[in-house]
Structure formats: C-alpha cells, structure tokens
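Given only the sequences and the hints, what does the whole structure look like? Please build it.
Basically the numbering used here = 1-based index in the sequence shown + 359.
Derived from the structure by calculation, the hints contain no laboratory data. Take every hint as true, because none was put in to throw you off.
Only pairs whose alpha carbons sit at most 16 Å apart, straight line, appear in this in silico EDC-like list of lysine to aspartate or glutamate: (1) Lys667 <-> Glu652; (2) Lys676 <-> Glu732; (3) Lys431 <-> Glu458; (4) Lys591 <-> Glu468; (5) Lys676 <-> Glu666; (6) Lys569 <-> Glu536; (7) Lys742 <-> Asp420; (8) Lys694 <-> Asp430; (9) Lys431 <-> Glu697; (10) Lys591 <-> Asp477; (11) Lys742 <-> Glu721; (12) Lys676 <-> Asp730; (13) Lys431 <-> Glu457; (14) Lys742 <-> Glu720; (15) Lys667 <-> Glu651; (16) Lys488 <-> Asp507.
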Amino acid sequence: MAVADRPAPRAPLRRFIPFVGATLAYFHDPLATMAHRYRTQGPVSEMNFVGRKWTMLLGPDACEAALRNVDKAFANGPGWGYLIGPFFDRGLMLLDFEEHLHHRRIMQEAFTRDRLIDYTTAMGPAVAKGLDAWTPQQQFPVYRPLKDLTLDVAAQVFMGGADPSTGSGQGWIESGELRRVNDAFIDCVQAAMGFVRYPVPGTRWNRGVKGRKLLEEFFRRHIPSRRESEGKDMFSILCHVETDDGHRFSDDDVVNHMIFLMMAAHDTSTITTTTILQRLGQNPEWQERCREESMALGEFPTYDEIEKLTSLDLVMKESLRLVTPVPGQARYTVKETEVCGQTIPANRYVSVGVHLSHYLEEYWPDPHRFDPERFAEDRREDKVHRFAWQPFGGGVHKCIGMYFGETEVKMIIHQLLRRFSWTVDPDYVAPMNYHSLPFPSDGLPVDLYPLGVRA
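Next up, the structure:
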C-alpha cells in the first residue's frame, strides 16, 4: 500500500501584505506557493519574504545554475546570513569561495572514512541507551523523543561521553545542561523566520540571540580540555585536525563550526527519521522488508554493514524527497548573472527552492505517492535530471556530513526495527510546521508495540 504524502495542495494565499509579502503564504503551504509561482511565472521570479525582496529559483535547471555556481555569482554568506547569521555565524555553510574551501579542507579531516567508522562505533550504544527509555504505547508522539535521541547521539559522537581531563566514564554533560543546549539550538533555528529581526524581549529573535550566547559559552568553556585530549569525538578532532601544510582551526573557528555542526546533525536527522517512521508505519510491507534486513545484522552494525540495509536506503531516499529537511537554499548575488535566460542583478537575495523539484511530475511520476522503488537501479528516477533530487544541496557546498547523517538515521531506524513494530493511520497527513525547518506540529502520533506484539 502506498500513502499520499499530503492532501491536494491548499490554494496559496495570493494577497500579500507589504513587508510581509509571501511569508504567510509560504508558512501556510510552501509547496503549493512554490508550485503556483513556478506554473505562473516560470523558474525565475521575485517575491517579498521575511522583510526582503528575493529572487526565487525553481525547478532543476534554475537550481543547478545556483548550486553549481560556475561564474561564482552566488554567495552563501550574505544570503544565509540574513536568515541565520547572528545564530550560526561563520559556520561552514555561511563561508564562501577560497575561505570556504580552506575551512572545508580542514574539516574534511573530521569526515574521513576512518573517522566515520569510529563515529559509527560510538553511535550504536548511544542509540540503544536512548531507546531504552521508550515505552510502547498508543498514540506515542514520536517527534520530541526522536529529537532528544538525536541530540544525545550528537552529544556522544560529536562531544564524547566522558571528560578527557578526568578520564571519567560518566557523561561530562549533565542532563540539565544538555537540555539547555538543546533548547538553545531550537531557539536559534526558529529565530531565522521571525518577523521581528531585532532582539526585542519576548521575540524569537531575542531568544535566538540568547541561545547563541549560551552555546558560545558552552563550547568555549570546554575547548582547553579538548585540545589536551586525544579523543575520537568530533569536538576533540576539530581541536586537533590540520592540513598537510599545517593549517588548523582557531578557538573561534572551533566554536563556530561546532555550533553549526551540532544544529545540522541533530535537526536534519530528526526530521528524516520522523518521516521514515511515519512512512513505515503506514506501509507495513516496507516495514517488514526493512526489518528482515535489520534482523540479519547485529544490534550495532559496523559502518560497512549498514550499507547492507538496501531497502532502508530506498525508504530513506524517498523520505528525503517527500520531506526535505532543508527545503530551500539561500544565496546572494555578488555580481550580475543569468539563470534560465533571465538576468539577475547584483546584490539580490536568492532562494533556491530544491524541494519543489522533488514534486515536479515531469521528473517524478505520481510525485505525492510514497514509492521507494523509484530509487531502485532499474528505475532511478532521480537520475532523469542531475538536480531533480538534491536533499543535501549541491556544488562545493554539498553537505559535508551527508554520510554521517545517513549512517545516523539508518542506525536509529535499524535499532527501532529490532525492538518495536509500529503503525500510523493510513489516512494520517502530518500537519507540518514550516516556520523554521519542517516538523510535524502534532509530534507525529504512532502506535508503538514491542516487537512481536500487536493489538
């Protein structure tokens, strides 16, 4: 059985308020808003959004032009900076051109195959510990427990579970502090779509500013012990990695990159894992198919063994198509350029709408249908156009943690399949909140059972 991702798109709100522009229409239904704009205005159009005029690039051809950025007209920093700059300042995604490549070369040392093998080894027990707290129940709102779980995994893998200065086997981050760190990340992400973009008390922006300060203090406080350690966690590695010619990160660099990586690692993984849980709950034949492969492996598969979860890989790719964790990419033109035959002037904010490409019928037959087989080797609908499926972005800014994120998601679902079975109402459509990164506003209720027990 295949279940539609959503009902027929709601009619987009087309009466725009000055300054607010199409912001409310986007929050109401971004896919319908972008689809209407694409059908009526083509791949390049203009739209007022969160207080600025933006050029919208829609469809694979337009997205390819911006993401490949052959003429280096599109910059990440000023584009993303307007939305999230105060909260994720100088994270890798916000750097450009030579500086970006310089930082990426250093950071790539933290994502080598050997590092990924180590991260996977640490990941398995961290996931198991988190799932030990799950209690089977009806209408279990799974989103927040998954968010807590991915943060715990990120804390273990990215920051290490023990204080290197003492050698203690106990977690060096207290649960209360970890909760404050998590809340700070949430505040920073949600601030990006705030209407009031100044630190006025009571606003999202103000909470984001306070969250950024807490995160800076948290990571800076622990840098000395990380520099003295030889730990295998990401935090320690960023404090030590250097290129062959001796370049390494300053303390400020480490703080900025850790704040961005932690956000990217646990927010996007949570969204993808939530979508997979919904889809497997609504499609029991796919749940059983994935479970059969997981039961053939141990509880903590190695990095190489995870590649054997081929059915889960198909499900994950289809889930990323249906709900793209980062549905749009922000850019800013540093010089005049041309996209799809239309001139875009310099100094223009640009939104690259990758999510719409995942729903265009000319590339994806019956695009609202859950159909993981569309990624199977005998079909490969994602290869019809090289930019028809871009959940990780593209070009030199393609997600550096892509393989880490895929492994984390698969490890979580793998262990869930070995412990539980679950169902989701076949007619359920997640009420998505798009005020920051997309998430189900009702928490995604699932009926969770111990494996082998079904009411």
